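K.L.:
Since chain A is already given, all that's left is putting chain B on it; use the hints.
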Amino acid sequence: MSGSIDWVAGLQWFFMLYFIGINSGYLMLNLLSLGSLRRYIEEHSLDDLPRGISGFEPPVSVIVPAYNEEATIAGSVRSMLQLNYPDYEVIVVNDGSKDGTMAALRREFSLLPFPEAYWQRLPAQPVRGIYRSTTHPSLRVIDKENGGKADALNAGINASRYPLFCGVDADSVLERDSLKRVVEPFLEDPRTIASGGTVRIANGCSVDNGFLASVGLPRNPLALLQIVEYLRAFLFGRMGWSPLNAVLIISGAFGLFRKDVVVAAGGYRRDTVGEDMELVVRLHRLHRMKRIPYRIVFVPDPICWTEAPESLRVLKNQRVRWQRGLSESLTMNLGLLFHPRGGAAGWLAFPFMAIFEWLGPLIEVAGYLFMICAFVLGMVSGEAFFTFLLVAFGFGLVLSVSSLLLEEMSFHIYPKPGQVAVLLLMVVVENFGYRQLNSLWRLWGLLLWMARSKARWGEMTRSASWQTGGGGGTK
Amino acid sequence: MSWLPHDPLLALVFQAGLGIIACSLLMLAAVFLLRLRLVLRLRRERRHAALWRPLLAECVYAVPETLPKVPHDLRYHFMKLWNHHHESLEGGARDNLEKLARALGLDVMARGMLQTSDLRLRLIAIITLGHLGDRQRWPELRALVSDSSPMLSLAAARALLDIDARATLPWLVMVMAAREDWPLARLVAMLKEAGPDQVTAPLVAALQAAGSPAQTVRLLRMLEVAHSGPAGAAAARVVRESEDPEVIAAGLRLLGDPRDLELARVCAVHASWVVRVAAARLLGRIGEPGDRRLLACMLGDAHWWVRYHAARALTVLPFTSLEELEKVRLTLNDRFASDMLAQAIAEARAR
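Those protein sequence lines, which keep their order, are chains A and B. Number 435 in the numbering used here belongs to position 435 of the first sequence; there are no gaps in the numbering. Number 304 in the numbering used here belongs to position 304 of the second sequence; there are no gaps in the numbering.
Don't read these hints as lab results, they were simulated from the structure. Just so you know, these numbers come straight off a predicted model, no measurement behind them.
Examples of chain B residues lying across from chain A (beta carbon under 10 Å, computed):
| id | residue |
| --- | --- |
| 1 | 4 |
| 2 | 9 |
| 3 | 308 |
Taking beta-carbon pairs under 8 Å as the criterion, some of the chain A residues facing chain B (in silico):
| id | residue |
| --- | --- |
| 4 | 45 |
| 5 | 50 |
| 6 | 51 |
| 7 | 56 |
| 8 | 116 |
| 9 | 187 |
| 10 | 190 |
| 11 | 390 |
The beta carbon of each residue, even a glycine, is placed where N, CA and C say it ideally should be.
Isolated chain A, as found in the complex:
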């Protein structure tokens, strides 16, 4: 009997310490973010003076993979053609859409076939045709066989003309100076090979002519909860790793890369659903192994707004896909883990991701289940059970509140005090069910990855209610 009690006590302490460990790790990241965020804001305090843009910034190819985006593609491309940046081209890659995406592009931008000498540097499905806009000389459209998002991005890189390329989701809403912001790290340090910025939730905001007109909160509670989640993920989940040169994720919704480096690395892998993260982890691995100095930078400015799922089914699909992407990205680059030349990426960020993000759902769900079952069966005391809950919820709360505090100290995107009050409420509410549900979905994603079942790009259904301009939410 005493043997089983020792076993239960051991597990109880394991789960308790795991929750303390994961959250302490995030708190450390939070502290790191606090310092670097403050420094970033101070250093860029004069960016809005008229001398800001020099006109000598490197030209950028904006690559927009599109699959069945008939409803939104014209508006999105129109906004991308109006970015505040001296020299850039927009390449839309129609990835074998089954709807009228190509027809919409032809109609809106007066496309004509263009005899381009297509350079197949990276593997991609065959190109059916290349078109050039007669009304917007900087716009080209690649029409190709369906091959997935990574394949479309590779085709876009093949057709791009400029030394930097920026992958943008077709449904993203950009800030006018988003390109200028993400190019900054490349100007400041020639070793920079990739940079990404903060992605925010567009639900509830109003969009005018493809650009964000006003920031609002959605009425949908799921979207509201995701706002807090995104704040946490971006403001310290990524900002904290940036000064250590250990950012492992640059969102596929908006990320800037040096083209020669990505081509040399083999481009986007087409056999993963997490092609954005996989590429970044691979770039770390290759540069570290070859001892090539490099920097992968996170820019905290909110530069890109995206639509969050508003139904449990779509949200579940998204989280399952993300967890699979994470699993693939890490296992495809295991060589980076604890490699003598791995640096902060291999010795800190990778193990952190592996223990807390990749295997985290398994331990979290097991922890909750074990504590509940053991408490019900009388194997764990009430004191221990409530202490566990106190620690789990307390740390969850402190992390969410601290992300909101970081936001309030830096960008204060949500202008009205009422909006901050709603977000503070969400910070408390998310700990009672939402986080646990997320862990369950992520566990499902992990199990599906282990079973090696196939996943495909393009399962996300979008309402794009914000594109109408109404916002559909509280302001």
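P.N.:
For chain B alone, coordinates are given in the frame of chain A:
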């Protein structure tokens, strides 16, 4: 305490949990306080801007006779407003803005801010002193050029250029070439503002004294804003003497004199594709009808960019019409060369 778990370790964890929740509540309060402070600050700044904007705009014609005082806690906000106007206006309006600033003691304010440890205040102070042309701060600003912070040092360099470009440039271009943490795009923009009359001689002199290929490349890129004659002559010298492909390619970008044609032809068969690209582009600028053959050969190059720039050069070469090029294209046996020329012709028609 009776409500604490009896197990001392568990009690410790329980207390930590309580501490964390207390921390959360404190942070919640901090969020509210920060928002309250923000609302009050923005309200003050809006009122302050509403008061000052018309007065600063009046400087287009004359300095307003009566000026309100700038409160100490709004000096950063005011300086930003003032600098915004200064960078947006030109000529006499700028002089009036500077008179207004001196009447308000902005120069004294900026000198004080230079001594603080707040980077934000120091940056705005440096920019302001530069716009005010404050020569008395020259030694301090010059010392700041050596600061390890690229933001601070670059701001100081810009301020010195604003104060006296002629005296600054001869030594500053050497620093510009050496400091790799200074973004080249910013330097080129600064030099462009100073103007080709000021920058050409110091850059040409610095190019002759450059210590490494990396420095030479940086200086050649900066020379793109200088007078094309002296810049081209200096670049041609570098191209002849250097063996570094990056240096040669950067030098070729600056050439434009027909006397450099022979150099372009030699570089068109260089082992490095980077040099061949630059040579093809140069042939497009200064080539003669006779160079059509060389460029047509380059259409068969193994590198896509060489083929692309050779094709583009053919479309801009004098005395060659697009119809003639179309006929040439039909005679090409190399499919890659033919496709590339087709693309260049289509691009030329679209231009």
